[in-house]
Structure formats: structure tokens, C-alpha cells
Amino acid sequence: AQKVTQAQTEISVVEKEDVTLDCVYETRDTTYYLFWYKQPPSGELVFLIRRNSFDEQNEISGRYSWNFQKSTSSFNFTITASQVVDSAVYFCALSRHQTGANNLFFGTGTRLTVIP
Amino acid sequence: EPEVTQTPSHQVTQMGQEVILRCVPISNHLYFYWYRQILGQKVEFLVSFYNNEISEKSEIFDDQFSVERPDGSNFTLKIRSTKLEDSAMYFCASSDKGVGRTEAFFGQGTRLTVV
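Line order of the protein sequences matches chains V and L.
Quick note, the first sequence lines up with residues 1 to 116 if you use our numbering.
Quick note, the second sequence lines up with residues 1 to 115 if you use our numbering.
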């Protein structure tokens, strides 16, 4: 069974602080994919990153970085120098690696509030 | 940039009524999905659709739900007889090679309120 745990329900930081959102997953598959999505107050789901379980290299995109550690089944997301526009709910998700449609298993989300 | 569009953005319906939620996936995508999010909760998978048939469905997707691709562009979710607990945000998503091999792009959602 696939499971994603985001233990941090809500986090508040002051603007310009760094913040890390934790994601721990469970799967029996040896190959799988991990994702992060952002849900701003307007409600849509915005894709941020997809990572193949074979690739444990950390990734950086501007102020965003992701730390994938297979040994601890974690895929954490760090925002550097946070801004008010980063305020949103962030979802970590997992999918299987198989042909066909598959689907996403989402965590419960972490609500990030960046205080000006 | 291509996007998934959903209509309406908000629908209010009376319990027991039928509703149809509409989605236009990204044009060259082949895999389509519906997810729902009860207010303040996580996003849950309902159904996936490929090659004009359902690929997979969750336990939530019972006989009250159906999906259809009536033409080359629309993808619809029908709830036959709505219940109060169907109130949620419903998201349509599409993917060109299936989730995993590629990402899924989501629409802005339809907020369904059953009264």
C-alpha cells in the first residue's frame, strides 16, 4: 500500500526565514515517483516537482530545493528566504511506476503561512 | 501555456439532484483523472480514464459516479443522486504518459455544495 505522511499540519514563519516541509512515504515498490504540489488560497493545485526514485540527487529551483533520501523514505522541501506569496498548502504525493494511468497518493498537506 | 479548465467553478445543488462537472484536459494528453478534496482535507483519487474507458477507480467512486468523454475534448464527472457528503472541491487532471512517467496537471477545481 502507498502512504504519504506530512506530520506538520501548519507552519508559520516570518518573511525571509527558511522553512522545510517534511514528507515521509511508505511503499513496497522499488521504483516509484514523488511529487510536490502547491495549493494557494485560490484553490488550484500547482505542480512543483516530480522525482524518480532512482534519482537521489537533490534539486534546486530558485528559492526551492528538495532533499530526497531513500534510506529514510523522505522527500523534504525547503523554501529559502520565504515570501508572503509562498503562503499556501503544500502537498507531497507518491505514485507507482507502472505503465498505464496510475494515480497520485497525497499526504494531508502542510499549511504554510509567511508573515510579513 | 496549455491548461486544464473546469466548469463551473462553483455549483450548488439540492440533495438527490444529478450534477455534471465538466473538464477540458490539455489537448494532447491521453490520461484523465478526477480527484476530490473535502474542505480542509487531503486530495483523494476518484478515477482514472484512458482510451475511452476507466483504468482504475477508488472505493469512493461507487455506482453514483460515472465518467464520460463525450467528444474529443470534454471529460465529465456525473454524480447521479447527490448526498450532503459529496460536498467537496472536485479536481480534474490530465497527463500525457500517465502519472509517474510524467506529471499530472490539475484544473482550478469545481466547488460542489450539496444542500
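Be careful, since some hints might not be right.
[As the list claims (entries may be wrong)] Residues from chain V that face chain L, not an exhaustive set, calculated with beta carbons under 8 Å: (1) Phe35; (2) Pro41; (3) Gly43; (4) Ala88; (5) Phe91.
Honestly, the hints are just simulated from the structure, not real lab data.
We put the beta carbon where it would ideally sit given N, CA and C, even for glycine.
Does Phe35/V pass the interface hint, meaning its C-beta sits closer than 8 Å to a C-beta of chain L?
Because about 7 Å separates Phe35/V from the closest Cβ in chain L, which is inside the 8 Å limit, the hint holds.
A closest beta-carbon separation below 8 Å is what the hint needs, so does Gly43/V meet it against chain L?
5 Å, holds
Interface hint status, Pro41/V versus chain L (Cβ within 8 Å)
Result: violated, 12 Å to nearest chain L Cβ.
Report holds or violated for the interface hint on Ala88/V, using the least CB-CB distance to chain L and a cut-off of 8 Å.
14 Å, violated
Are Phe91/V and chain L close enough, Cβ to Cβ, to be under 8 Å, as the hint says?
6 Å, holds
Hint compliance for this structure: hints 2 and 4 are not met, and every other hint is.
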